[in-house]
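Number of protein chains: 2
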Amino acid sequence: MSDSVPDIVIGRLPLYLRALARLEQDGVPITSSHELGAQLGISSAQIRKDLSHFGEFGKQGTGYQVPYLREQLARILCVDRDWTVAVIGAGHLGRALAGYKGFGPRGFHVDVIFDNDPDIIGTQIGGLVVKPGESMVEELRARRIEIAMIAVPAAAAQSVTDRVVAGGVRAILNYAPIRLVVPDYVHVQDIDPVIHLQHMTYYLRT
Amino acid sequence: MSDSVPDIVIGRLPLYLRALARLEQDGVPITSSHELGAQLGISSAQIRKDLSHFGEFGKQGTGYQVPYLREQLARILCVDRDWTVAVIGAGHLGRALAGYKGFGPRGFHVDVIFDNDPDIIGTQIGGLVVKPGESMVEELRARRIEIAMIAVPAAAAQSVTDRVVAGGVRAILNYAPIRLVVPDYVHVQDIDPVIHLQHMTYYLRT
DNA sequence: GTCAATCTGTGATAGAATGCACAAACGATT
DNA sequence: AATCGTTTGTGCATTCTATCACAGATTGAC
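Protein chains in written order, with this note's numbering: chain A, 1 to 206; chain B, 1 to 206.
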């Protein structure tokens, strides 16, 4: 076990965690790799093999205790604690992110939001006062921000990224439609809905 | 060429298209698989092989004509035309999607938005009047909507999906944190920022 | 015209991910 | 205690993916 687990496996763990949280909420005490797989559209063998990278969590003949496996996955993914998040950019997207109710319950707390527009700086968004971009590095450090969500235009994204990294952030959720250049120790995940749309339109031919 | 191209290859084409659009805007007339790869963090060989599934678009010794390759990729992905989109759910997320300026220029036009809340129905969002959920199937058909973006709570997502499919939609961008069950001919792409965040937190273990 | 430098497209190869299938283990039932 | 149905964890085979490396084509310099 635990000998540099493939990134593609890590990417599936949050899906397992989400399904388990759902089962737990529904009061299901025990599940199986088959049930999980059916719910996620993933083969049961794959789920068992993925989990085996980290240990043995089930019982033969029975399956998995839902709360126990959820706890273990949360521990593995390091989401058995809270994380501090900054939103960069207070346009439509930034405001939606700052106001999104789905982050808090899953342990991600938006503590601060930045923008460069003088008309927006100082206004309130979801209980947060918009801070000026110039104060970003100090603010990020002072508040011990660990994750940044970048919601600025493509043209500004790289320079904003450089400052976010200077502020000590090591994980970036990037909504800008460009590839960000970051040091090796910084992780980036990209979200661009248009990319997903174009992926689907390929199959809509005819 | 064209003998059932792997889906993973299709998924990269929008990235190539995005990079080419950027180069074209910057007035770069010619590029190479090396330059594209450097910009995207993908090996040049991979780009050449991906493109080779669809034909020969470059010239040896020279590279690729940016406008020509962009056109060809747009044609392959079927984004050399416009698409009609519906947003389902007029909460924070639905409103952000309906107001997002990044869809139109890339050929995706939000024509209608639905919600079930009587207080929201009839209000205006980004120039659109919110329609009631009951009228969904007829409205989707009447407007020939091709793509739906689902931005409703998890509990409502599956029943909404069933109606969207009944309305003739064959592609769904799903923001709800559950796996949607759809007929084979319907395509689904999921977006859940929390999944991406949890993917990164794994690596933030110190 | 010749040569060096460059770049594409692709066959071959190495590598990674997935699915299969079974031994071992467990609980329920008789 | 014996049996049956179920489920895990895993070695193995298969399939899928990515990379290597080179022939052939093109350009530009001299």
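Note that these hints are calculated values from the structure, not bench results. Note that the structure is a prediction, hence the values are computed from the model and not measured. Ideal Cβ placement from N, Cα and C applies to all residues, glycine included. Wrong hints could be hidden among the right ones.
[As the list claims (entries may be wrong)] Here are the simulated BS3-like pairs of lysine-lysine, each with C-alpha atoms no more than 27 Å apart in a straight line:
no.: 1; chain 1: B; residue 1: K59; chain 2: B; residue 2: K101
no.: 2; chain 1: B; residue 1: K59; chain 2: A; residue 2: K101
no.: 3; chain 1: A; residue 1: K101; chain 2: A; residue 2: K59
no.: 4; chain 1: A; residue 1: K49; chain 2: A; residue 2: K59
no.: 5; chain 1: B; residue 1: K101; chain 2: A; residue 2: K101
no.: 6; chain 1: B; residue 1: K49; chain 2: B; residue 2: K59
no.: 7; chain 1: B; residue 1: K131; chain 2: A; residue 2: K131
[As the list claims (entries may be wrong)] So the derived label-pair ranges between C-beta atoms look like this:
no.: 8; chain 1: B; residue 1: P105; chain 2: A; residue 2: Y203; range: 17 to 25 Å
no.: 9; chain 1: A; residue 1: S159; chain 2: B; residue 2: K49; range: 42 to 50 Å
no.: 10; chain 1: A; residue 1: V28; chain 2: B; residue 2: K101; range: 38 to 46 Å
no.: 11; chain 1: B; residue 1: D80; chain 2: A; residue 2: H109; range: 25 to 33 Å
no.: 12; chain 1: A; residue 1: Y185; chain 2: B; residue 2: Q46; range: 51 to 59 Å
no.: 13; chain 1: B; residue 1: Y185; chain 2: A; residue 2: E71; range: 36 to 44 Å
no.: 14; chain 1: B; residue 1: S4; chain 2: A; residue 2: I8; range: 33 to 41 Å
no.: 15; chain 1: B; residue 1: P6; chain 2: A; residue 2: Y185; range: 53 to 61 Å
no.: 16; chain 1: A; residue 1: D82; chain 2: B; residue 2: F54; range: 40 to 48 Å
no.: 17; chain 1: B; residue 1: S43; chain 2: A; residue 2: Y203; range: 46 to 54 Å
no.: 18; chain 1: A; residue 1: R144; chain 2: B; residue 2: K101; range: 29 to 37 Å
For each hint, the structure was consulted:
no., hint, result
1, B:K59 with B:K101, "violated (36 Å)"
2, B:K59 with A:K101, "violated (51 Å)"
3, A:K101 with A:K59, "violated (36 Å)"
4, A:K49 with A:K59, "holds (14 Å)"
5, B:K101 with A:K101, "holds (23 Å)"
6, B:K49 with B:K59, "holds (14 Å)"
7, B:K131 with A:K131, "violated (37 Å)"
8, B:P105 with A:Y203: 17 to 25 Å, "holds (23 Å)"
9, A:S159 with B:K49: 42 to 50 Å, "violated (34 Å)"
10, A:V28 with B:K101: 38 to 46 Å, "holds (43 Å)"
11, B:D80 with A:H109: 25 to 33 Å, "violated (43 Å)"
12, A:Y185 with B:Q46: 51 to 59 Å, "violated (25 Å)"
13, B:Y185 with A:E71: 36 to 44 Å, "holds (40 Å)"
14, B:S4 with A:I8: 33 to 41 Å, "violated (22 Å)"
15, B:P6 with A:Y185: 53 to 61 Å, "violated (32 Å)"
16, A:D82 with B:F54: 40 to 48 Å, "holds (47 Å)"
17, B:S43 with A:Y203: 46 to 54 Å, "violated (26 Å)"
18, A:R144 with B:K101: 29 to 37 Å, "holds (34 Å)"
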